[in-house]
Amino acid sequence: MDQRRVEPAAVLLLAALAIVWSWWAANDGAFFGTVLLPGTILLCAITVLLAWAAPWRASLRPSQPVAIALVLLAGLGVWAALSALWSPAPDVAIETAQRILTYALAFGLGIWLCNLLGSRQHLALAPLAVAGAFAGIVAVIGMLTGDQARHYLEVDGTLQFPLGYRNANAAFFAIALWPALGLASRRAGAWPVRSAALATATLCLDLAMLSQSRGALPAGAAALCVYLLFSRDRARRLVWLALAALPALLILPSLIDLYHAGNADAPLRSALDELHGAGRAVALTSGLSLAIGAVAALVGKRIPASPRRVEIADRATVVGLAAAVLAGSIAFVAVAGNPVDWIDKRVSQLSSGKDANLSSQSSRFSTLNAATQRPAIWRVALLDARHHPLLGDGGGGFRYTYLRERHQDGPVAVQDAHSVELENLAQFGFPGLLLFAGSITAAGVGAMRARRLGPEPAWLSIIALTAGTYWLVHDSVDWFWPYPAITAPVLALVGSACAPARRIVGDPPRGQGRRWLTAGAVVLAISAVPPFLSEDLDRAQTLNPLSVDPLLAEGAIARAKGDRRRAIDALHRAVEKRPEEWASYFILAQLYARKSPRLAREQLAIAKRKNPYEPQIPVLQHKLAAQRHGNGD
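Heads up: the sequence shown at position 63 corresponds to 63 in my numbering, and the numbers run straight through without jumps.
None of these hints come from the bench; they were simulated from the model.
Don't take each hint at face value.
[Said to hold, decoys possible] Listed below are the simulated DSSO-like cross-link pairs for lysine-lysine, each with C-alpha atoms no more than 30 Å apart in a straight line:
{"no.": "1", "residue 1": "Lys-354", "residue 2": "Lys-608"}
{"no.": "2", "residue 1": "Lys-354", "residue 2": "Lys-301"}
{"no.": "3", "residue 1": "Lys-608", "residue 2": "Lys-623"}
{"no.": "4", "residue 1": "Lys-623", "residue 2": "Lys-610"}
{"no.": "5", "residue 1": "Lys-595", "residue 2": "Lys-610"}
{"no.": "6", "residue 1": "Lys-623", "residue 2": "Lys-561"}
{"no.": "7", "residue 1": "Lys-577", "residue 2": "Lys-561"}
{"no.": "8", "residue 1": "Lys-577", "residue 2": "Lys-610"}
{"no.": "9", "residue 1": "Lys-595", "residue 2": "Lys-561"}
{"no.": "10", "residue 1": "Lys-301", "residue 2": "Lys-345"}
{"no.": "11", "residue 1": "Lys-610", "residue 2": "Lys-354"}
{"no.": "12", "residue 1": "Lys-623", "residue 2": "Lys-577"}
{"no.": "13", "residue 1": "Lys-608", "residue 2": "Lys-577"}
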């Protein structure tokens with residue numbers, strides 16, 4: 001067989017992954033089931049098709065860490081599904097399990113993709129790079145043509161579109177940067193592809209910067225260290241990184257203007273001109289990078305890359321990097337003073353439990369202020385682990401524990417532990433944490449082993465490890481685990497990096513593995529259908545009987561129509577189904593307030609136990625107390 005020929009199955013899988021990643025990224029990061037579940041069903045269908053028709057030139061034996069990673073990640077999904085048995089929100093537990101099993105499927109498809117690609121393993125970088133380009137173009141078009149600034153910006157003028165959350169936005173584009181850079185810096189690539197890839201890298205860097213996530217700084221620094229430490233041919237890789245980064249610096253004036261407009265004493269809609277200006281800046285810098293990439297690719301082809309010249313350039317690069325680190329350290333000490341005192345100040349800011357007030361700064365990057373409310377969230381997650389070390393709260397349970405255990409000055413609306421490790425620990429106990437940590441560690445070991453198999457596997461491994469490092473560091477202090485557009489592509493890329501270590505010559509005999517894979521994909525796809533269809537309220541209660549949302553919606557609608565009896569009946573059924581939901585008791589208290597104040601006080605007391613610091617509760621308590629005093633009770 002021609003080793004340069006790409007299998008038709010590989011083309012199909014490349015297209016499917018690129019389409020799903022792009023669709024997810026451009027639609028709120030697939031955070032919501034209406035976007036996630038159709039993509040999951042499509043991936044399952046592709047898996048069944050591959051299991052039926054595609055070759056599988058791999059064996060579990062050459063790389064046991066890869067098999068361990070796949071089994072542990074799937075095991076975490078099964079454990080999450082089982083947690084529905086003890087979770088206060090079993091529907092959320094099932095949804096969480098579906099997400100995790102989708103991640104396991106993405107990891108497995110990444111392995112299969114790279115095996116199908118053969119000698120063209122670099123194409124495994126394409127799906128995430130294409131998704132970055134697609135989502136980036138969607139974002140720029142929106143910034144240029146949008147007439148509602150709040151649709152694209154957070155209240156402080158930072159970019160949150162298209163993923164809907166500033167930090168998730170920054171993470172997605174900062175991760176997509178690396179596979180795009182990998183394609184751009186590949187010397188054997190066609191110059192139009194390399195040029196477009198460099199423009200994509202600059203586009204992603206632009207949008208990540210405009211999102212202004214403080215967590216992106218340590219994550220980006222860690223990723224850069226991995227990229228530089230493990231890269232071969234460092235000089236060329238560093239040059240292409242500089243070619244992507246230098247045009248991106250030109251958006252800094254627009255970034256500052258947009259941030260100032262967002263923090264001005266005016267409605268956010270007044271920042272529309274600055275938003276359009278930022279969109280123009282991103283378009284111009286990406287276009288500039290496109291031209292630079294074309295020139296660099298064509299010129300680079302004419303410069304011979306002898307091993308001796310590469311070795312000399314690498315040594316010079318190492319010396320230059322060491323000198324830059326030394327000079328930077330000296331400059332840091334000159335500006336910041338004693339490093340120990342500087343670190344101590346950052347630790348004090350972090351432990352203060354308060355968010356930094358950066359509205360008077362030129363950007364969120366102007367000062368490296370570490371103040372955040374996340375320690376208050378992490379405290380509750382650790383409390384969960386202490387109370388339920390074996391089982392955890394179950395999928396979706398952290399929200400209810402947090403409402404009960406949070407401090408009065410802590411964040412109010414929190415659904416997740418804001419740390420992927422603590423999220424799995426709080427909801428699934430130490431077994432969940434061990435399954436997660438084991439799968440990530442084993443996948444990393446598998447990707448590292450592939451570096452020894454030649455230049456192409458080594459380069460794919462470096463890009464995957466760089467993207468994976470960024471994801472892990474940033475996700476350790478934020479909540480990207482429920483964002484499939486961020487997590488699934490990274491795991492697929494790491495799976496592809498592991499694949500060369502498992503590749504064998506020829507086609508092994510077909511065994512039971514394909515049947516088990518088909519069965520698993522079919523079960524996952526079928527499980528996704530009812531939750532997807534239940535987004536329609538008219539059939540939600542029938543198709544998703546574990547959810548309490550249809551009952552709360554029924555109560556709200558009946559109350560709005562003046563049907564008090566039906567509203568009370570729906571809310572009592574909600575209480576029976578989910579006793580931990582404080583809102584059911586609170587709304588019942590409101591409904592009972594005028595005609596049955598005693599029942600209202602009882603329901604309100606329960607609501608207060610479930611959510612002690614909800615500000616609406618004291619207001620209703622005061623109203624009921626005044627009513628009781630007026631009646632002489």
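Do the hints match the structure? See the list:
| no. | hint | verdict |
| --- | --- | --- |
| 1 | Lys-354 / Lys-608 | holds, 24 Å |
| 2 | Lys-354 / Lys-301 | violated, 53 Å |
| 3 | Lys-608 / Lys-623 | holds, 15 Å |
| 4 | Lys-623 / Lys-610 | holds, 20 Å |
| 5 | Lys-595 / Lys-610 | holds, 24 Å |
| 6 | Lys-623 / Lys-561 | holds, 23 Å |
| 7 | Lys-577 / Lys-561 | holds, 24 Å |
| 8 | Lys-577 / Lys-610 | holds, 15 Å |
| 9 | Lys-595 / Lys-561 | holds, 18 Å |
| 10 | Lys-301 / Lys-345 | violated, 50 Å |
| 11 | Lys-610 / Lys-354 | holds, 24 Å |
| 12 | Lys-623 / Lys-577 | holds, 29 Å |
| 13 | Lys-608 / Lys-577 | holds, 19 Å |
In the structure shown, a violation is registered for the earlier hints numbered 2, 10, in ascending order.
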